[in-house]
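Asker: For this one, chain R is given, so just place chain U on it according to the hints.
Here is how the chains run, residue by residue.
2 protein chains.
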Amino acid sequence: MTAEDSRATALPLALDAMGGDHAPGAVVNGAARALAKNADLRFLFFGDEAALLPLMQREPDVMRVSEIVHTTEKVASTDLPSVALRKATKSSMRLAIDAVKEGRASGVVSSGNTGAFMAMAKLVFRTLPGISRPAIIGMMPNKHGDVAMLDLGANVQCSARDLYDFALMGNAYARAILGRKNPAVGILNIGSEEIKGHEELREAAARIKASPVKMNFIGFCEGNDICNGQVDVIVTDGFTGNIALKTAEGTSHFMYMQVKNAITSSIFSKLGYVLARPGFKQMKRTLDPRRFNGAMLIGLNGVAIKSHGGADGKAFASAIRVAHRAVSSKMNERIIEELTIAGNQDYEESNANHDSLAHSS
Amino acid sequence: MTAEDSRATALPLALDAMGGDHAPGAVVNGAARALAKNADLRFLFFGDEAALLPLMQREPDVMRVSEIVHTTEKVASTDLPSVALRKATKSSMRLAIDAVKEGRASGVVSSGNTGAFMAMAKLVFRTLPGISRPAIIGMMPNKHGDVAMLDLGANVQCSARDLYDFALMGNAYARAILGRKNPAVGILNIGSEEIKGHEELREAAARIKASPVKMNFIGFCEGNDICNGQVDVIVTDGFTGNIALKTAEGTSHFMYMQVKNAITSSIFSKLGYVLARPGFKQMKRTLDPRRFNGAMLIGLNGVAIKSHGGADGKAFASAIRVAHRAVSSKMNERIIEELTIAGNQDYEESNANHDSLAHSS
Numbered sequence: 016m017t018a019e020d021s022r023a024t025a026l027p028l029a030l031d032a033m034g035g036d037h038a039p040g041a042v043v044n045g046a047a048r049a050l051a052k053n054a055d056l057r058f059l060f061f062g063d064e065a066a067l068l069p070l071m072q073r074e075p076d077v078m079r080v081s082e083i084v085h086t087t088e089k090v091a092s093t094d095l096p097s098v099a100l101r102k103a104t105k106s107s108m109r110l111a112i113d114a115v116k117e118g119r120a121s122g123v124v125s126s127g128n129t130g131a132f133m134a135m136a137k138l139v140f141r142t143l144p145g146i147s148r149p150a151i152i153g154m155m156p157n158k159h160g161d162v163a164m165l166d167l168g169a170n171v172q173c174s175a176r177d178l179y180d181f182a183l184m185g186n187a188y189a190r191a192i193l194g195r196k197n198p199a200v201g202i203l204n205i206g207s208e209e210i211k212g213h214e215e216l217r218e219a220a221a222r223i224k225a226s227p228v229k230m231n232f233i234g235f236c237e238g239n240d241i242c243n244g245q246v247d248v249i250v251t252d253g254f255t256g257n258i259a260l261k262t263a264e265g266t267s268h269f270m271y272m273q274v275k276n277a278i279t280s281s282i283f284s285k286l287g288y289v290l291a292r293p294g295f296k297q298m299k300r301t302l303d304p305r306r307f308n309g310a311m312l313i314g315l316n317g318v319a320i321k322s323h324g325g326a327d328g329k330a331f332a333s334a335i336r337v338a339h340r341a342v343s344s345k346m347n348e349r350i351i352e353e354l355t356i357a358g359n360q361d362y363e364e365s366n367a368n369h370d371s372l373a374h375s376s
Numbered sequence: 016m017t018a019e020d021s022r023a024t025a026l027p028l029a030l031d032a033m034g035g036d037h038a039p040g041a042v043v044n045g046a047a048r049a050l051a052k053n054a055d056l057r058f059l060f061f062g063d064e065a066a067l068l069p070l071m072q073r074e075p076d077v078m079r080v081s082e083i084v085h086t087t088e089k090v091a092s093t094d095l096p097s098v099a100l101r102k103a104t105k106s107s108m109r110l111a112i113d114a115v116k117e118g119r120a121s122g123v124v125s126s127g128n129t130g131a132f133m134a135m136a137k138l139v140f141r142t143l144p145g146i147s148r149p150a151i152i153g154m155m156p157n158k159h160g161d162v163a164m165l166d167l168g169a170n171v172q173c174s175a176r177d178l179y180d181f182a183l184m185g186n187a188y189a190r191a192i193l194g195r196k197n198p199a200v201g202i203l204n205i206g207s208e209e210i211k212g213h214e215e216l217r218e219a220a221a222r223i224k225a226s227p228v229k230m231n232f233i234g235f236c237e238g239n240d241i242c243n244g245q246v247d248v249i250v251t252d253g254f255t256g257n258i259a260l261k262t263a264e265g266t267s268h269f270m271y272m273q274v275k276n277a278i279t280s281s282i283f284s285k286l287g288y289v290l291a292r293p294g295f296k297q298m299k300r301t302l303d304p305r306r307f308n309g310a311m312l313i314g315l316n317g318v319a320i321k322s323h324g325g326a327d328g329k330a331f332a333s334a335i336r337v338a339h340r341a342v343s344s345k346m347n348e349r350i351i352e353e354l355t356i357a358g359n360q361d362y363e364e365s366n367a368n369h370d371s372l373a374h375s376s
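Chains R and U, in that order, are what the protein sequence lines are.
Going from the first sequence to the numbering used here is simple: count from 1 and add 15.
Going from the second sequence to the numbering used here is simple: count from 1 and add 15.
Please keep in mind that the hints were generated in silico from the structure rather than gathered at the bench.
Every value quoted in this text rests on a predicted model; they were computed, and no experiment measured them.
Incorrect hints may have been included.
For chains that are exact copies, the list does not tell them apart, and a pair is met inside one copy or across any two.
[Said to hold, decoys possible] Straight line, CA to CA, 27 Å or less: simulated DSS-like cross-link-like pairs of lysine-lysine:
hint : residue 1 : residue 2
1    : K116      : K102
2    : K329      : K296
3    : K329      : K224
4    : K285      : K296
5    : K345      : K52
6    : K224      : K52
7    : K229      : K196
8    : K158      : K102
9    : K224      : K345
10   : K345      : K285
11   : K299      : K345
12   : K275      : K285
13   : K299      : K275
14   : K105      : K52
15   : K196      : K224
This is chain R alone, in the form it adopts within the complex (with noise of 0.2 Å):
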């Protein structure tokens, strides 16, 4: 029996509302826009109640289906993670979390810190029976859609134990968020012929392939593979994933750039892209970093959900949908089958050292 279990969809989300450069603003308008798509949702709102009921009063559609817990504290987005936690155990952050664990809500979203939502939701949570070390797993466009990628930051180093137990949990998100059947799971590598890379690599795809997990492994991808559509999950240690995906950032940012210098570049390509725009608008739309929002803290036993911290309302209400769709999948319930099945065992010794000294250097 998991916190999961006693957990019903119809819980309502907590909301850090005071966490990222936009709150409070943002939380409620995001609020309002996953309200508008999905009239299901139910939300616990975690903040200065002063400063959240007048934009709640402007939203009648959020104040009818939500509550305001006040709160005086908040993380600020330079404290330490070790401070956060001995500190903040009043704030949004902390409470949002705590709720969760208490069974008042399903599941947490916050825009703050990201090493304080860790290290709370790690020590409220506790890692999922099985899984050593939670992980971050994200979204980015690809070819067909879009392609997960664990670890984004939370792990620096990386045995192959932590890279298989990422296969099994990037594999269930990308069934239960993105909605493939089948999902290919691909461990990213460099193809060198002369160099195959870290040893735990090898070690972690060999230990896929043995384990009694059925799995759409293709083995190792490169770099170019994270956008090319051949990949649903892309598995890497927190230092690679990280590099991967701001580097994939900043290129697309420049790609932008270059396209809009491009279009600017004389009277008759301004005109030209007066007549091409409604294609460049969805391109647009299809790309918009907004929509791949969320990120989920998985390995966790509850639903934790980081929004970036510069996340608008429109972002925000991408991690809503994220948070609303690992509740309602039971995403963590099928980790834990899959746990099962691959005969994992328990971490909770080594746990139980993580988490006095998780992040907190």
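Answerer: Chain U in isolation, oriented as in the chain R frame:
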């Protein structure tokens, strides 16, 4: 006194005419294109004379400044480096490298098997005094022109000392090849407050800051900084560099396809493209990956440039240009000067071990 000193820029460049998917045609065509832009060039072609001669007869300018050294063997793209090292001592690749060592050529360019090329060049040239590991350094487009990145795949794991050496060499490269007066050098890392990346990265940063070599060191940079024009030289290990390079390439290609789809989505957008075409053509020229072809095996006591296996004539001409600049700017002498200032200790002993094992797995 190094091998470099005895080589004048008037010496020809040695070309492996049998390496790569489009050899020998792309090699001859590349030489013709490079020569058209720089009349000082001279070439030594290593390859099958029967295949080369008819191609060269169609390029009388190339014929006039070149010699053919007939070879019967070649390194296959599928050969393991260890196999190529033992077997292919009479190959076009190996003989082209030997020509540089023997003072008959100023540098070598090959589109052949990367692992074999690195292993042979390392064995023949040895590393520069004070350098333990050569790296692969290449160029990518960024906001202000080009950015150099190393290592792109020669060394999967790197010590702080290796990264420090890469920074020194990258600094010299950016001045010699990219023409930067005071290049900004950064170490690729992940930025999250809670996780500050590998210990080696912090130690490498400390070494650079404490170095007697004056360098415009900007500290850590992230994946999204590769293209943003704030950094001229990105220092990283070969695993991360390879992932970042291929992620950027894949994302660029993906974005191209998105733009193409946007442009061809309707009759109006197609018409718009006709009007905007000059701008897009300029963009395509700016970002053409062939412009960035030619990765230097840096840290060797001899100029060796690796061209992409799929390089066509235009791409191969870029690699020739890199070789010529490295030679004419006396880049390796500059690196040696900096290493002397830095007081790098000699790695002769560890080199001896490295060489015998290099890329043999």
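Asker: If you test the structure against every hint from before, which numbers come out violated?
Answerer: Violated: hints 3, 6, 8, 10, 11 and 14.
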